[in-house]
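Residue numbers (this note's numbering), protein chains in the order written: chain A, 1 to 158; chain B, 159 to 710.
It should be emphasised that the hints constitute simulated quantities derived from the structure, not laboratory data.
A couple of the hints might just be wrong.
No farther apart than 35 Å at their CA atoms in a straight line, the calculated lysine-lysine pairs in the DSBU-like style are these [said to hold, decoys possible]: (1) B:K168 <-> A:K137; (2) B:K325 <-> A:K141; (3) B:K323 <-> A:K99; (4) A:K69 <-> B:K434.
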Amino acid sequence: MPIIKNGQFVEDGWVTLEEGAAVPVEGDVIIPLEVALADVTALDGRTGKTALLISNDVDVEDHAELIAKADMVVLMLPAFTDGRAYSQAMVLIEELDYKNELRIKGDVLVDQALHMVRCGFDSFDSNHEIDLEVWNKALHKMSTTYQRTYEGDLQVRS
Amino acid sequence: MYVYDDFDEKFVRERAAQFRDQVERRLSGQLEEAQFRPLRLMNGVYLQLHAYMLRVAVPYGTLSSRQLRQLSMIASKYDKGYGHFTTRQNIQFNWPQLKDIPDILDDLADVGMHAIQTSGNCIRNVTSDQWSGVAADEVADPRPYAELMRQWSSLHPEFSYLPRKFKIAITGAVSDRAAIAFHDIGLQLLKNSDGEIGFRVLVGGGLGRTPMVAKQIRDFISFDDLLPYLVAILRAYNIEGRRDNKYKARIKILVHEKGIDDFRARVDDIFEGLDKEKLRAPKGEIERISKFFELPAYETLEENSPELAEARAANASFNAFVNRNVATHKKPGYSIVNISLKPIGGIPGDATSSQMDVVADLADQYSFGEIRVSHEQNLVLAHVKQSDLFTLWQRLREAELETANIGAITDMITCPGLDYCTLATARSIPIAQKISEKFADQSRQDLIGDLKIKISGCINACGHHHAGHIGILGLDKKGEEYYQITLGGSGDENAAVGDILGPGFSADEVAGAVDVLVDRYIELRESKSESFLDVVKRVGLEPFKEALYADH
Numbered sequence: 001m002p003i004i005k006n007g008q009f010v011e012d013g014w015v016t017l018e019e020g021a022a023v024p025v026e027g028d029v030i031i032p033l034e035v036a037l038a039d040v041t042a043l044d045g046r047t048g049k050t051a052l053l054i055s056n057d058v059d060v061e062d063h064a065e066l067i068a069k070a071d072m073v074v075l076m077l078p079a080f081t082d083g084r085a086y087s088q089a090m091v092l093i094e095e096l097d098y099k100n101e102l103r104i105k106g107d108v109l110v111d112q113a114l115h116m117v118r119c120g121f122d123s124f125d126s127n128h129e130i131d132l133e134v135w136n137k138a139l140h141k142m143s144t145t146y147q148r149t150y151e152g153d154l155q156v157r158s
Numbered sequence: 159m160y161v162y163d164d165f166d167e168k169f170v171r172e173r174a175a176q177f178r179d180q181v182e183r184r185l186s187g188q189l190e191e192a193q194f195r196p197l198r199l200m201n202g203v204y205l206q207l208h209a210y211m212l213r214v215a216v217p218y219g220t221l222s223s224r225q226l227r228q229l230s231m232i233a234s235k236y237d238k239g240y241g242h243f244t245t246r247q248n249i250q251f252n253w254p255q256l257k258d259i260p261d262i263l264d265d266l267a268d269v270g271m272h273a274i275q276t277s278g279n280c281i282r283n284v285t286s287d288q289w290s291g292v293a294a295d296e297v298a299d300p301r302p303y304a305e306l307m308r309q310w311s312s313l314h315p316e317f318s319y320l321p322r323k324f325k326i327a328i329t330g331a332v333s334d335r336a337a338i339a340f341h342d343i344g345l346q347l348l349k350n351s352d353g354e355i356g357f358r359v360l361v362g363g364g365l366g367r368t369p370m371v372a373k374q375i376r377d378f379i380s381f382d383d384l385l386p387y388l389v390a391i392l393r394a395y396n397i398e399g400r401r402d403n404k405y406k407a408r409i410k411i412l413v414h415e416k417g418i419d420d421f422r423a424r425v426d427d428i429f430e431g432l433d434k435e436k437l438r439a440p441k442g443e444i445e446r447i448s449k450f451f452e453l454p455a456y457e458t459l460e461e462n463s464p465e466l467a468e469a470r471a472a473n474a475s476f477n478a479f480v481n482r483n484v485a486t487h488k489k490p491g492y493s494i495v496n497i498s499l500k501p502i503g504g505i506p507g508d509a510t511s512s513q514m515d516v517v518a519d520l521a522d523q524y525s526f527g528e529i530r531v532s533h534e535q536n537l538v539l540a541h542v543k544q545s546d547l548f549t550l551w552q553r554l555r556e557a558e559l560e561t562a563n564i565g566a567i568t569d570m571i572t573c574p575g576l577d578y579c580t581l582a583t584a585r586s587i588p589i590a591q592k593i594s595e596k597f598a599d600q601s602r603q604d605l606i607g608d609l610k611i612k613i614s615g616c617i618n619a620c621g622h623h624h625a626g627h628i629g630i631l632g633l634d635k636k637g638e639e640y641y642q643i644t645l646g647g648s649g650d651e652n653a654a655v656g657d658i659l660g661p662g663f664s665a666d667e668v669a670g671a672v673d674v675l676v677d678r679y680i681e682l683r684e685s686k687s688e689s690f691l692d693v694v695k696r697v698g699l700e701p702f703k704e705a706l707y708a709d710h
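Between the sequences and the hints, there should be enough to build the whole structure, so can you do that?
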C-alpha cells in the first residue's frame, strides 16, 4: 500500500526489516524497537537511514536515546478504536522533543485522519485502500479547534 | 447562560456537516457499520432495541427557553412527541430515523446545541449542580469552568479513542448534587486561604458492574493548572488504561489496580513534563465565559413574601408543592422551583413536546428564560419570585407538571431498561410505575420524608442503583426478570455504594418489598427527622432483612 504524505500518495523508499533478519548496513530500513534494542551497536554502523517501529504498549519515554537518533518513528494502530498512539505521539513530540518524520501504520482510516494530523503524525501507512479525494476532504471538514496542538490551518479558540 | 459566538457556531455547524457526510457514506455503503459505529456514537447516535436513539447534550444541564422549544419541535417533528431527560442532564429522542439525524443536528446548531460526545469512548458531556449560581451553599458558580471543559474536550485529538467513556462532573457547593464521587473525574470548586479559586480533584469513581467511590488525587489545583492537570490524568489513562476487557477499561479499574498513590505519582510525572502554558485556557477566556453566567437582574425583595404565605395557608396542595419542590435561593424573595418529571405512574424523566413548551414559556415569564436539567431527571426554574409561585404552580398544574415529590420516594431515577435498551436484562419503567402507584398518597410520602430509590435494568447501572438509598437492579434468571435490592447507597458528598439485602424479587413482588422496607423504617426511626439513610446507617441491614425475608 502506498504511503500518504501531504495529501498525496508517495513512493515509499523505506523497507521494513523482515522477522529474524539481521540489520543491514545499507538502505533505509524500518526496524522494530525490540530488534534495535537487542543490538544497539548495529544501528550506529549503518550508512542508510533508520526508522523505529514501536508498538502501542511501549512507554516511549523509556527509549529516549534511541528515538533521538531515529530518522523516522512508526507508531502502530492495530485498531482505529485504540487511541494509545495519539498519546505516544504527543509524548514523543512534547516530552522527547522528537522532530523527524512521525508515521502511523495500521488501521488508518479517513475519519480519524484529522486527529492523527493534529497529534503530529505526518505520514500514513494504511491497511486499507484509501480514496485520496475522500481523505483530503476529511482533513478539511473542520476549520476550527479548541485545542492548541498541531492545529495547522485550523483556527484556534483564542 | 453561555451563548455561542461565531467561533463556537462555526465549530458546531462544521461538526454537523462532517457527520452528515459520514451518514451519507454509511447509507451509500462506503462506510462499514464497524467503522461508522464509533463515529455515530461520538455524535450521540445509538442503535437501540427498536430504533436509533439520539442523545443531545445539555451542557452542565443548562438550557434557554429557545433551546427547550427547539427540543420540543424536534420531539414532534422527528420523534413521537416526547423526549427523555437523562441522569447526565441530557435529553434522548427514542425514535429518530438515521437519515433525519443530520437535519436534527442542523436544527440543534440553530440554537447553539449539539450531540457531540454524548456517547463513545471519549470525554462526555460535563455535568454539574442543577442549582449552580443560585444555591445558598455555593463557593462559586461551576458553570464557567464546565463550559471551558466542554470546549476543551470537544473533538480532542488525543482523547477521542480512550479505553472507555470518560465522565467529568463539577460542583461549586458543599452539598454535592452532581454525584461527583461517582464520576471518572469529580471536581469540587474551592477557595484557598488567599481567596484563589481552585479545585479539589477526585478520580476513579463510577457505577456499573464495579461500583467505586472516587478517590482524592489532589486537595487543591489552581485554575491555571486545571486543563494541564486534566491532560495529565487523561494521558495516564489513555496510555495505561486496560483495553483487553471492556468491563475493566474505565479509569476506576486502573486507579484501583495501581493504587491511588502510584496513580497520583504517574499523573504528577506527566504533569511536570507538560508544556503547561500551551495547555492553559487562552488568556481572558474564563473571564469572557464567566460574563455569560452573571446572575440576572434580580429585584430587591423582602426575605419572605406575604402573598406566598397567604397562598400556602389557603391551598394545601400548593403548600405541599412548596414544601417538596421549592428550595431556598441565595437572593431574598426568590426561590428555586424544581419541576418533577416523575408523575405518579408515569415514565420517569419523560416530557412531552407540549410540556416542554409550557416550561419554556414559564421560564420566560418567571425565571429569566432559563431552565436546568438535574441528574435526577427533573427540571428546574432557578430564579422565581416567591410572589409568583402560586401562579406558576397553577400553570404547572394545567400541564400536569405539579407533582410534589422532589426528593421523595416517588422521585426515582430510572433507566430506560428493557423497554428500549439493548443492554438491559430487565424492565425498569414498569417497576418504577408500580412503586410510584403504591406510594401515590401525598401524606404518606410526606410521612416518609427524603428517600431516594434508583432503578437500573442491568448491571451497567445507568439508573444509579448503587447510589440509591434503596437501589433496585433488574436481572434475568433463566428468562425471568428478577430484582435485587440494595440499601444504604448515596450519591451526595457522603457517597456510598449500597449493600445487597438478599435474594431477589419478581417484577410483581418488588413494590411490595419496598413497602415492607419503608414500614420497617418508620418503626425504626427515632424521630421524623431521622431519614431512611440515617436509619440504615445506624441499625445496619439486619432489621430490614428480617422484615423482608422473615416469611420466606
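Now for the hints, and whether the structure bears them out:
1. Restraint check: the Cα-Cα separation between K168 of chain B and K137 of chain A comes to about 17 Å, which is no more than 35 Å; the hinted pair holds.
2. About 27 Å separates the Cα atoms of K325 of chain B and K141 of chain A, which keeps this hinted pair within 35 Å; it holds.
3. Between the alpha carbons of K323 of chain B and K99 of chain A the distance comes to roughly 32 Å, so the proposed pair stays at or under 35 Å and holds.
4. A hinted pair counts as satisfied when its Cα atoms are at most 35 Å apart, and K69 of chain A with K434 of chain B qualifies at roughly 27 Å.
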